[in-house]
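Novice: Each chain is listed here by its residues.
There are 2 protein chains.
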Amino acid sequence: MKKIINEPNDVVTQMLDGMVKAHPERLKRLENTTVLVKKELTPDKVGVVSGGGSGHEPAHAGYIGDGMLDAAVSGEVFTSPTPDQVLAAIKAVDQGKGVLLVIKNYTGDVMNFEMAAEIAEDEGIEVAQVVVNDDVAVEDSTHTTGRRGVAGTLFVHKAAGAAAAQGSSLNEVKNAAESVIQNIKSIGIALYPAEVPGSGNPGFEIGENEMELGIGIHGEPGMETTEVSSANDIAERLVDQVLPELNLKNGDEVTVMVNGLGATPLMELYILSNHIHDLIREKGAVISDTHVGNFMTALEMTGASLTVLKHNEEIKSLLKQPCNTLALNIQKEEA
Amino acid sequence: MKKIINEPNDVVTQMLDGMVKAHPERLKRLENTTVLVKKELTPDKVGVVSGGGSGHEPAHAGYIGDGMLDAAVSGEVFTSPTPDQVLAAIKAVDQGKGVLLVIKNYTGDVMNFEMAAEIAEDEGIEVAQVVVNDDVAVEDSTHTTGRRGVAGTLFVHKAAGAAAAQGSSLNEVKNAAESVIQNIKSIGIALYPAEVPGSGNPGFEIGENEMELGIGIHGEPGMETTEVSSANDIAERLVDQVLPELNLKNGDEVTVMVNGLGATPLMELYILSNHIHDLIREKGAVISDTHVGNFMTALEMTGASLTVLKHNEEIKSLLKQPCNTLALNIQKEEA
Numbered sequence: 001m002k003k004i005i006n007e008p009n010d011v012v013t014q015m016l017d018g019m020v021k022a023h024p025e026r027l028k029r030l031e032n033t034t035v036l037v038k039k040e041l042t043p044d045k046v047g048v049v050s051g052g053g054s055g056h057e058p059a060h061a062g063y064i065g066d067g068m069l070d071a072a073v074s075g076e077v078f079t080s081p082t083p084d085q086v087l088a089a090i091k092a093v094d095q096g097k098g099v100l101l102v103i104k105n106y107t108g109d110v111m112n113f114e115m116a117a118e119i120a121e122d123e124g125i126e127v128a129q130v131v132v133n134d135d136v137a138v139e140d141s142t143h144t145t146g147r148r149g150v151a152g153t154l155f156v157h158k159a160a161g162a163a164a165a166q167g168s169s170l171n172e173v174k175n176a177a178e179s180v181i182q183n184i185k186s187i188g189i190a191l192y193p194a195e196v197p198g199s200g201n202p203g204f205e206i207g208e209n210e211m212e213l214g215i216g217i218h219g220e221p222g223m224e225t226t227e228v229s230s231a232n233d234i235a236e237r238l239v240d241q242v243l244p245e246l247n248l249k250n251g252d253e254v255t256v257m258v259n260g261l262g263a264t265p266l267m268e269l270y271i272l273s274n275h276i277h278d279l280i281r282e283k284g285a286v287i288s289d290t291h292v293g294n295f296m297t298a299l300e301m302t303g304a305s306l307t308v309l310k311h312n313e314e315i316k317s318l319l320k321q322p323c324n325t326l327a328l329n330i331q332k333e334e335a
Numbered sequence: 001m002k003k004i005i006n007e008p009n010d011v012v013t014q015m016l017d018g019m020v021k022a023h024p025e026r027l028k029r030l031e032n033t034t035v036l037v038k039k040e041l042t043p044d045k046v047g048v049v050s051g052g053g054s055g056h057e058p059a060h061a062g063y064i065g066d067g068m069l070d071a072a073v074s075g076e077v078f079t080s081p082t083p084d085q086v087l088a089a090i091k092a093v094d095q096g097k098g099v100l101l102v103i104k105n106y107t108g109d110v111m112n113f114e115m116a117a118e119i120a121e122d123e124g125i126e127v128a129q130v131v132v133n134d135d136v137a138v139e140d141s142t143h144t145t146g147r148r149g150v151a152g153t154l155f156v157h158k159a160a161g162a163a164a165a166q167g168s169s170l171n172e173v174k175n176a177a178e179s180v181i182q183n184i185k186s187i188g189i190a191l192y193p194a195e196v197p198g199s200g201n202p203g204f205e206i207g208e209n210e211m212e213l214g215i216g217i218h219g220e221p222g223m224e225t226t227e228v229s230s231a232n233d234i235a236e237r238l239v240d241q242v243l244p245e246l247n248l249k250n251g252d253e254v255t256v257m258v259n260g261l262g263a264t265p266l267m268e269l270y271i272l273s274n275h276i277h278d279l280i281r282e283k284g285a286v287i288s289d290t291h292v293g294n295f296m297t298a299l300e301m302t303g304a305s306l307t308v309l310k311h312n313e314e315i316k317s318l319l320k321q322p323c324n325t326l327a328l329n330i331q332k333e334e335a
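So the sequence lines, in the order shown, correspond to chains A and B.
Using the working numbering, the first residue of the first sequence is number 1, and each one after it goes up by one.
Using the working numbering, the first residue of the second sequence is number 1, and each one after it goes up by one.
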């Protein structure tokens with residue numbers, strides 16, 4: 001597959017350098033690491049750190065900024081970052097109020113983030129962690145015990161970041177993150193695979209008229225391979241998987257995200273979102289916010305995922321707080 | 001090519017419906033048109049309207065909002081909107097101070113926007129227009145006399161929108177737009193083509209090891225088809241085409257945009273941007289802002305474009321003004 005890269009081994013470091021050169025007012029790179037940190041940390045607050053394998057951009061460095069993350073750790077493509085990198089991020093953002101780690105549920109990520117947390121605790125830094133497992137497609141898979149963490153993770157960043165910005169304690173910030181995790185569900189579908197740079201092979205095989213329901217963001221197998229159907233049929237399949245998990249009652253408020261996996265035109269995401277809206281409203285839910293775009297990708301995979309977040313009062317209030325990052329911007333409401 | 005659509009004939013209308021359902025606080029659709037208008041127009045200012053064929057999302061409806069566009073007109077995929085649609089947009093946003101049309105330089109767009117402007121003038125609405133021709137690749141091409149308008153168009157939206165928001169007259173808003181047009185240059189490169197829904201064929205043919213330099217955003221032929229090279233080599237080719245057009249002097253300030261054409265991973269855009277930064281700085285220019293992402297796409301074309309905007313005092317000031325749209329957000333600086 002043709003790609004705009006230099007040496008495959010250099011993709012992560014050159015991407016990170018590119019991000020810092022492009023956004024020096026927002027980001028800096030910790031020397032000799034793959035950690036990007038917010039240029040100017042807001043003083044006296046809980047630090048919020050996330051990360052994982054590269055290839056999911058704008059996740060996670062695109063969510064560094066006021067009201068979201070303080071640092072993001074990047075592993076190699078589709079590979080967990082090592083504990084020393086995570087530890088460097090923890091140390092960089094700790095200001096004495098502790099640090100929350102937001103981890104997507106993959107065996108390697110959980111292991112390496114936890115190891116870093118233990119070392120940091122030994123060194124006197126208070127660390128808490130949450131594990132995001134919003135993907136309803138499969139229990140246990142190639143890279144995971146339990147359910148995988150996918151696009152819903154960014155709302156965990158949002159809620160934790162908003163709580164931290166309000167001056168909440170580490171425990172309160174963790175509770176805000178957990179509140180989102182308990183109320184967020186996602187599922188994806190893919191039409192074409194992605195190829196890890198230098199691998200020489202696509203991540204999975206799929207027929208010219210097929211799509212894969214329940215795909216993972218590293219190309220892990222999903223629930224079902226079927227013939228490609230219409231956008232409206234795809235919308236129904238996604239909604240049918242996600243909504244029953246949320247036990248929505250009439251009048252419940254939700255936030256919806258229709259996320260592109262990397263190579264899907266925005267036009268198609270909006271066509272998909274169009275019918276998803278109709279279907280969710282038919283169930284009696286109130287959609288208070290919708291995000292459509294590439295928020296958690298899988299390199300150049302073609303496909304999309306649906307994330308639905310059920311609100312409670314706390315979540316609703318945290319989502320409304322302003323944030324200022326490359327990939328998610330919520331401006332202050334005019335007084 | 002597999003796509004997430006329903007009937008090919010319905011893609012534009014379902015996309016527009018999807019946008020309005022997703023962002024009802026920002027957008028409304030003029031009944032029986034393909035025109036999206038800002039939900040609440042800011043009173044007593046010049047209206048700014050753009051548009052063109054669909055398939056370039058987030059352009060142009062993604063730039064509707066405070067400090068940018070008041071309305072966007074969508075044609076069918078890669079097809080100019082008709083004069084009656086443009087006229088409807090003009091009428092919807094005029095508040096007695098006149099309306100500026102920002103037109104990308106394609107024969108059909110120029111003709112249809114001009115026709116709409118004439119009718120509006122006959123009906124007593126003051127209309128001015130500017131034609132964006134930032135693509136340095138070719139003079140005259142499949143769809144154009146002169147140079148094509150591509151990704152640089154969004155900075156014309158930004159400058160005109162900022163001037164309008166400051167209460168400038170129609171003539172001043174037009175001059176702000178012209179000032180950007182005279183100082184902005186772009187060029188693109190493609191690795192894989194896009195396919196118009198329902199056409200059954202990709203927009204152009206390209207070998208498995210080839211890339212096309214100077215590609216247009218509808219797949220129009222560029223300057224040269226060559227073997228795919230490294231990201232750094234591509235960066236050099238793009239910079240070598242764009243910079244000589246700007247007559248940059250040592251210390252000149254520029255804004256840089258590295259734009260994805262639809263299916264290119266953000267990782268690759270940052271790798272490209274990384275070397276572009278080095279090359280532009282070597283020439284002695286000062287990069288004051290960089291935008292990396294999918295701003296003006298060509299459906300699922302794989303490739304990227306470089307846009308460089310040379311600042312003068314007016315442009316610099318207009319770029320800094322806050323804006324609040326789906327695809328470009330500049331928050332107010334904290335006091």
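Careful, some of the hints might be misleading.
[Said to hold, decoys possible] Pair by pair, the computed Cβ-Cβ distance ranges are:
1. Gln95/A - Glu25/B: 53 to 63 Å
2. Pro43/B - Pro322/A: 17 to 27 Å
3. Ser288/A - Glu40/B: 10 to 20 Å
4. Gly167/A - Pro322/B: 25 to 35 Å
5. Arg281/A - Glu139/B: 42 to 52 Å
6. Glu236/B - Gly167/A: 24 to 34 Å
7. Leu279/B - Gly124/A: 28 to 38 Å
8. Gln95/B - Lys332/A: 34 to 44 Å
9. Asn201/A - Pro322/B: 44 to 54 Å
10. Glu178/A - Met223/B: 47 to 57 Å
11. Thr13/B - Asn201/A: 36 to 46 Å
12. Glu25/B - Thr142/A: 47 to 57 Å
[As the list claims (entries may be wrong)] Over 12 Å on every C-beta distance to chain B, these chain A residues come out as not near it, computed from the model:
13. Thr13
14. Leu41
15. Gly96
16. Gly284
It is worth saying that the hints were derived from the structure and are not from the lab.
Since this is a predicted model, take the numbers as computed values, not measurements.
We put the CB at the ideal spot given by N, CA and C, even for glycine.
Novice: Against the range 47 to 57 Å, how does the distance between the Cβ atoms of Glu178/A and Met223/B compare: consistent or not?
Specialist: holds, 55 Å
Novice: Regarding the assertion that Thr13/A does not contact chain B, is the least Cβ-Cβ distance greater than 12 Å?
Specialist: violated, 9 Å
Novice: With respect to the beta-carbon atoms only, verify the hint that Asn201/A and Pro322/B lie 44 to 54 Å apart.
Specialist: holds, 46 Å
Novice: In this structure, is the beta-carbon distance linking Ser288/A and Glu40/B contained in 10 to 20 Å?
Specialist: At roughly 18 Å between Cβ atoms, Glu40/B and Ser288/A fall inside 10 to 20 Å, so the hint holds.
Novice: Note whether the CB distance of Gln95/B and Lys332/A lies within 34 to 44 Å or breaks it.
Specialist: violated, 26 Å
Novice: Are all C-beta atoms of chain B more than 12 Å from that of Leu41/A?
Specialist: Given that every Cβ of chain B is farther than 12 Å from that of Leu41/A, nearest at about 15 Å, it holds.
Novice: Between Glu25/B and Thr142/A, is the Cβ distance one that fits in 47 to 57 Å?
Specialist: Cβ of Glu25/B to Cβ of Thr142/A: about 40 Å, so the range 47 to 57 Å is violated.
Novice: So does Gln95/A sit 53 to 63 Å from Glu25/B, Cβ to Cβ?
Specialist: violated, 35 Å
Novice: Grab the minimum beta-carbon distance between Gly96/A and chain B and tell me whether it stays above 12 Å.
Specialist: holds, 24 Å
Novice: Is 17 to 27 Å a correct range for the gap between the Cβ atoms of Pro43/B and Pro322/A?
Specialist: At 25 Å between Cβs, range holds.
Novice: Run the C-beta distances from Gly284/A to all of chain B and say if the shortest one exceeds 12 Å.
Specialist: holds, 16 Å
Novice: With respect to the beta-carbon atoms only, verify the hint that Glu236/B and Gly167/A lie 24 to 34 Å apart.
Specialist: Since the Cβ atoms of Glu236/B and Gly167/A sit about 49 Å apart, the hinted range of 24 to 34 Å is violated.
In summary, the numbered hints that this structure violates are 1, 6, 7, 8, 12, 13.
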